[in-house]
Amino acid sequence: QVQLVESGGGLVQAGGSLRLSCAASGSIFRNNAMGWYRQAPGKQRELVATMTSGLTTNYGDFVKGRFTISRDNAKNTVYLQMNSLKPEDTAVYYCNVQWGVGIRYDYWGQGTQVTVSS
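Residue numbers (this note's numbering): -2 to 115.
Just so you know, the hints here were simulated from the structure itself, not pulled from any lab data. It is possible that some hints are incorrect.
Under the rule of at most 20 Å between Cα atoms (straight-line distance), these lysine to aspartate or glutamate pairs were calculated in the EDC-like manner [stated by the list, open to error]:
id : residue 1 : residue 2
1  : K40       : D58
2  : K40       : E85
3  : K83       : E43
4  : K72       : D103
5  : K61       : E43
6  : K83       : D103
7  : K40       : D69
So the derived label-pair ranges between C-beta atoms look like this [what the hints assert, rightly or not]:
id : residue 1 : residue 2 : range
8  : A11       : N70       : 28 to 38 Å
9  : S24       : Q107      : 14 to 24 Å
10 : E85       : F26       : 33 to 43 Å
11 : G99       : T65       : 14 to 24 Å
12 : S4        : P84       : 33 to 43 Å
13 : S115      : F26       : 35 to 45 Å
Predicted, not measured: the structure shown is a model, and the values here were computed from it. We treat Cβ as the ideally placed atom computed from N, Cα and C, and that holds for glycine.
Sequences are here, hints too, so could you generate the full structure?
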């Protein structure tokens, strides 16, 4: 069983910063991708950023240099530094870990609310 525990969400004014953390525990395959997705009310869940164990990154188009993903493989922890936050960044942010080819393993955290006030 895999568990993901997120922290770091909250309320921030536009232009501010937040740092999200997600610690994974359980039977996690060494070669994986960890990252963040978000879902705003009435919208589909979308990619924010992911990073593989080999440190390859993938960002959503809207990030545009404002967010930075990092990870500590020894701790199975992924971080998301979010700067220059905008009201449209308001959403529930979900941590994700996935691996596998053919048979895919995909796990989600419970989500953490990020609210950006104007």
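For each hint, the structure was consulted:
With a CA separation close to 16 Å, the supplied pair K40 and D58 stays within the 20 Å bound. With a C-alpha separation of about 12 Å, the suggested pairing of K40 with E85 holds against the 20 Å cut-off. In summary, the hint linking K83 to E43 is supported, as the alpha carbons are separated by about 16 Å, within the 20 Å threshold. Distance check on the hinted pair: K72 and D103 sit about 19 Å apart at the alpha-carbon level, within 20 Å; holds.
Between K61 and E43 the alpha-carbon distance is near 15 Å, which keeps this suggested pair within the 20 Å criterion. About 29 Å separates the Cα atoms of K83 and D103, which puts this hinted pair outside 20 Å; it is violated. Of the supplied pair hints, the one linking K40 and D69 is violated, its CA atoms being roughly 31 Å apart against a limit of 20 Å. For A11 and N70, the hinted distance range of 28 to 38 Å is satisfied, since their beta carbons lie about 34 Å from each other.
In this structure the hint that S24 and Q107 lie 14 to 24 Å apart at CB holds, the actual value being about 19 Å. Distance hint for E85 and F26: a CB-CB separation of about 35 Å, consistent with the stated range 33 to 43 Å. Our hint of 14 to 24 Å for G99 and T65 is violated, since their Cβ atoms are close to 32 Å apart. At roughly 22 Å, the beta-carbon separation of S4 and P84 lies outside the given 33 to 43 Å, and the hint is violated.
Separation of S115 from F26 is about 42 Å and conforms to the stated range, judged on CB atoms against 35 to 45 Å.
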